[in-house]
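Novice: Sequence:
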Amino acid sequence: MAALGFRLRAEARSRWRAWVGLAVLIGVFAGAVLAVAAGARRTDTAYQRFTVAARAADVLVFSVPGGALATVDFDQVRRLPEVQDSALSAQYPTDQPAVQLAAMSDGYGTRFNRFRLLSGRLPDPERMDETAIGFTLAESRHLRVGSTLDIGLVPATGVDHGASDGGGQAAMVAPPRAVLKVVGVEAGPGEFPPQIGTGTQPAWVTPAFARAHATDIIGESVLALRLRGGAGDVPAFKATVQGMGGGKPVAIDELGPQAASVQRSLHLQAVALGILALLGGLTVGLVCGQLLGRATALESVDHPALAAVGMTGRQLWSLGLARAVLIGTGAGLVAGAIAVALSPLFPIGLAGNAEPTPGIQVDAVLVVGGIVAVVVAVVLLVAVSTWRLAGSAARGVAAGAAGARQKPSAVAELLARAGSPPTVTAGVRMALEPGRGRTAVPIRTTVIGSVVAITALAAALTFQASLSHLLSTPRLYGVTFDAEVNRTSGDDITLGPATPALLADPEVADLAVGYSAAPVRVGDVDAGALALQVDKGTLPPPLILEGRAPTATDEVALGTRTLHDLGAHVGQTVDAVLPESTAHPVPVRIVGRAVLPQADASAGLGRGTVATIDGVRRLAGDSGEFPDPTNAFLRFPPGADKARARARLQDRLDATLGKGWTVAAPERPTDVVNFGHVQNLPVVLAAVLALLAAATIGHLLVSSVRRRRRDLAVLKSLGFVRRQVMATVGWQATTLVVVALIPGVPLGVAVGRRTWDVLALQLGIAAQPITPVVALLVLVPAALVLANAVAAAPAWSAGRTQAAIVLRSE
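Just so you know, we're using numbering that gives the first Met the number 0 here: the sequence shown kicks off at 0 and counts up by one.
Heads up, a few of these hints could be off.
Calculated pairs, DSS-like style, for lysine-lysine (alpha carbon to alpha carbon, straight line, at most 27 Å) [stated by the list, open to error]:
| id | residue 1 | residue 2 |
| --- | --- | --- |
| 1 | 180 | 247 |
| 2 | 658 | 641 |
| 3 | 535 | 658 |
| 4 | 237 | 247 |
Simulated restraints on C-beta separations [said to hold, decoys possible]:
| id | residue 1 | residue 2 | range |
| --- | --- | --- | --- |
| 5 | 4 | 742 | 38 to 46 Å |
| 6 | 472 | 139 | 15 to 23 Å |
| 7 | 8 | 410 | 27 to 35 Å |
| 8 | 705 | 474 | 57 to 65 Å |
| 9 | 379 | 474 | 44 to 52 Å |
| 10 | 770 | 4 | 54 to 62 Å |
In case anyone wonders, no lab produced these hints; they're calculated from the structure. Think of the CB as a built atom: it goes at the ideal place given N, C-alpha and C, for glycine as much as any other residue.
Using the sequences and the hints given, assemble the complete structure.
Specialist: What follows is the structure, given as structure tokens:
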């Protein structure tokens with residue numbers, strides 16, 4: 000042990016800089032991977048922690064004066080034993096269905112259902128012209144603090160106030176408008192997508208606004224409640240409140256399903272980050288394994304001498320392990336520090352808006368576990384190569400002796416016979432021939448590490464290109480239309496007079512009517528049904544991934560995840576029913592697997608049913624459900640400005656049919672949007688790996704220049720000038736990169752495409768992986784330029800080699 004300690008101290012005094020450099024290099028890249036893994040964990044829990052910190056409501060109870068819904072005594076509701084806390088607010092519809100004004104009162108937004116301010120401040124309770132808007136409204140309208148929100152309100156008595164225009168006719172009075180200054184952008188419980196319908200983009204007004212408009216605009220009171228037992232108390236609470244309605248239904252919104260949809264969406268984003276961390280960790284492990292193998296080989300040069308003076312193979316192995324523990328500990332500490340330093344970058348996207356404690360966060364479990372994992376990985380990677388080298392030394396085999404029997408590089412010989420410039424031949428030879436004895440350089444490990452890094456970079460570019468293609472191709476996630484039309488107010492939800500108006504509209508090129516999310520249950524799985532018939536043009540049907548589209552009343556096509564949840568397959572027969580009707584289940588045959596647009600906030604991508612209109616009516620039986628179509632999907636002529644066309648169509652429907660109709664643009668499913676938020680992360684991670692590969696090549700070049708000083712001196716003695724020596728090192732770097740690019744690019748494309756196929760299957764979308772030809776063509780010269788940039792310093796050092804001094808010392 001004394002000899003072991005003496006040798007370790009001697010190595011540390013002379014080589015500590017190299018050890019520190021290696022530890023920092025491994026630690027930085029391992030820390031980046033740990034940061035992404037910590038970001039995945041933080042993303043997965045962000046919304047759950049947000050709802051706890053915000054004291055989020057469990058249910059909302061509405062009081063709507065008049066109509067078919069009951070008005071209940073809110074004070075009586077507040078006194079129910081299940082209620083823990085509550086706040087009373089009010090909501091005001093606007094002339095834009097997606098936007099809804101809501102009053103901050105009774106501590107709503109501050110004490111209860113607390114808002115997280117993303118920018119600015121909350122409005123002054125005594126100012127009626129200030130508002131804090133939800134982040135969804137800010138994003139859709141490109142609003143920020145200081146912007147003005149000008150929006151129309153719905154007058155309490157209608158637009159006809161009974162005034163006379165002097166001719167005995169009632170004059171139409173313009174509806175009141177609210178001109179509000181945005182003083183803050185917030186994120187509140189229940190405001191996160193996925194949400195579909197009206198009032199999904201809130202603007203919060205003050206108690207002063209509510210008092211000023213108490214009688215002149217339409218509003219409805221809302222009581223938000225937290226229950227003592229959380230979601231477990233919701234069924235009993237709803238049953239009690241419904242009993243207060245006096246025979247009429249009470250409007251109650253349960254917020255649990257929406258929160259579950261948000262959590263599911265963020266979980267998918269967390270899974271994507273976790274996959275990136277896993278792939279990054281494997282790549283870093285492989286590349287750093289090559290670095291450690293090269294370092295171990297370089298350190299083993301003195302093994303024969305140490306064995307000659309009495310050190311055993313076990314002692315040499317223990318020496319290597321002790322060295323690995325020191326390097327691994329340093330690398331682990333650096334990785335932990337990097338992970339903590341990068342923690343403010345996460346979570347990103349939607350989860351970033353929900354994160355209740357942004358900034359630096361120490362994930363103790365992951366950081367400590369990561370440090371231990373780095374130390375263990377370094378020791379294990381070094382242990383195998385050290386055991387082999389130590390055993391060879393103990394048997395009297397000198398390190399690099401095998402290299403003496405190696406054949407010259409066939410590529411270098413071919414270039415020499417072809418008359419290539421001496422700089423090219425020498426550079427290729429130095430890149431592909433490891434050398435002998437003390438001049439040996441671990442070429443193989445460097446090439447393997449570079450191939451791994453190039454593969455990861457090409458895979459990331461392929462994955463990113465496929466994701467970009469998905470985001471820009473709505474048909475791949477089920478959207479084949481430009482607008483959806485439906486009725487948003489009134490007792491009748493059918494299209495009624497809208498259908499002939501749309502058929503006669505010159506800007507409507509293609510039209511299909513039917514049902515977008517009929518409440519169908521297939522087997523024991525709820526799967527909203529899309530059932531359409533084309534009345535004009537040729538609106539494309541949903542994309543069929545397997546089998547065919549249904550044509551008969553007893554046929555359906557299901558989403559990928561619905562099929563998975565059922566444990567069914569195409570060709571199988573299952574029972575289907577309308578769960579809220581009196582109809583009995585009927586058998587249907589699954590004839591296809593389809594991609595459906597997300598029409599229900601509680602559902603997700605890959606879920607749902609495609610059926611014929613008569614097939615849905617067959618499920619209804621004699622229950623009277625679905626007498627007429629409720630939804631219309633349409634496309635505008637090619638080249639039309641879709642946003643302006645939707646606005647013009649909305650104006651025409653309002654003018655001919657009156658208010659109560661919505662012409663809505665198709666929305667990206669939240670799952671797709673959240674993946675869009677991590678769209679550039681694979682490239683960022685790949686860039687980190689590219690830097691790791693560059694560092695690996697740079698380390699090899701520095702080692703090569705230092706250990707092959709004699710070869711460089713010989714070249715100078717033969718007539719090489721400084722410029723030619725520098726060019727030789729440049730050709731060495733170029734050769735290493737070319738050797739890595741040849742297998743790395745096609746292998747990376749294959750890995751990226753396969754990864755995208757697996758992800759598309761999980762999401763239930765059409766898998767159309769894209770090979771980024773342009774990006775890959777740019778990758779090749781970029782890699783060569785980077786390699787030569789890295790080679791500049793070693794080449795300059797090699798050019799300064801003084802042949803006489805080096806040869807004299809040899």
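Novice: Is it true that residue 379 and residue 474 lie within 44 to 52 Å of each other by Cβ?
Specialist: holds (48 Å)
Novice: Taken at face value, is the distance from the CA of residue 247 to the CA of residue 237 at most 27 Å?
Specialist: Holds: residue 237 and residue 247 sit about 13 Å apart, inside 27 Å.
Novice: Please test the hint of 54 to 62 Å on the beta carbon pair from residue 770 and residue 4.
Specialist: This hint holds: roughly 56 Å between Cβ atoms.
Novice: Starting from the hint 15 to 23 Å, judge whether the C-beta atoms of residue 472 and residue 139 obey it.
Specialist: holds (21 Å)
Novice: Would you mind confirming whether the straight-line C-alpha gap from residue 180 to residue 247 stays at or under 27 Å?
Specialist: Violated, at roughly 40 Å.
Novice: Is the Cα-Cα distance between residue 658 and residue 641 27 Å or less?
Specialist: holds (21 Å)
Novice: Do the Cβ positions of residue 705 and residue 474 conform to the proposed distance bound of 57 to 65 Å?
Specialist: holds (58 Å)
Novice: Holds or violated: 27 to 35 Å for the Cβ distance of residue 8 and residue 410?
Specialist: About 44 Å separates the Cβ atoms of residue 8 and residue 410, which means 27 to 35 Å is violated.
Novice: Verify the CB-CB distance for residue 4 and residue 742 against the hinted window 38 to 46 Å.
Specialist: Cβ of residue 4 to Cβ of residue 742: about 44 Å, so the range 38 to 46 Å holds.
Novice: For the pair supplied as a hint, residue 535 and residue 658, is the alpha-carbon distance within the 27 Å limit?
Specialist: Given that 27 Å is the threshold and the Cα spacing comes to 25 Å, the pair holds.
The structure fails to meet hints 1, 7 from the earlier list, while all remaining hints are met.
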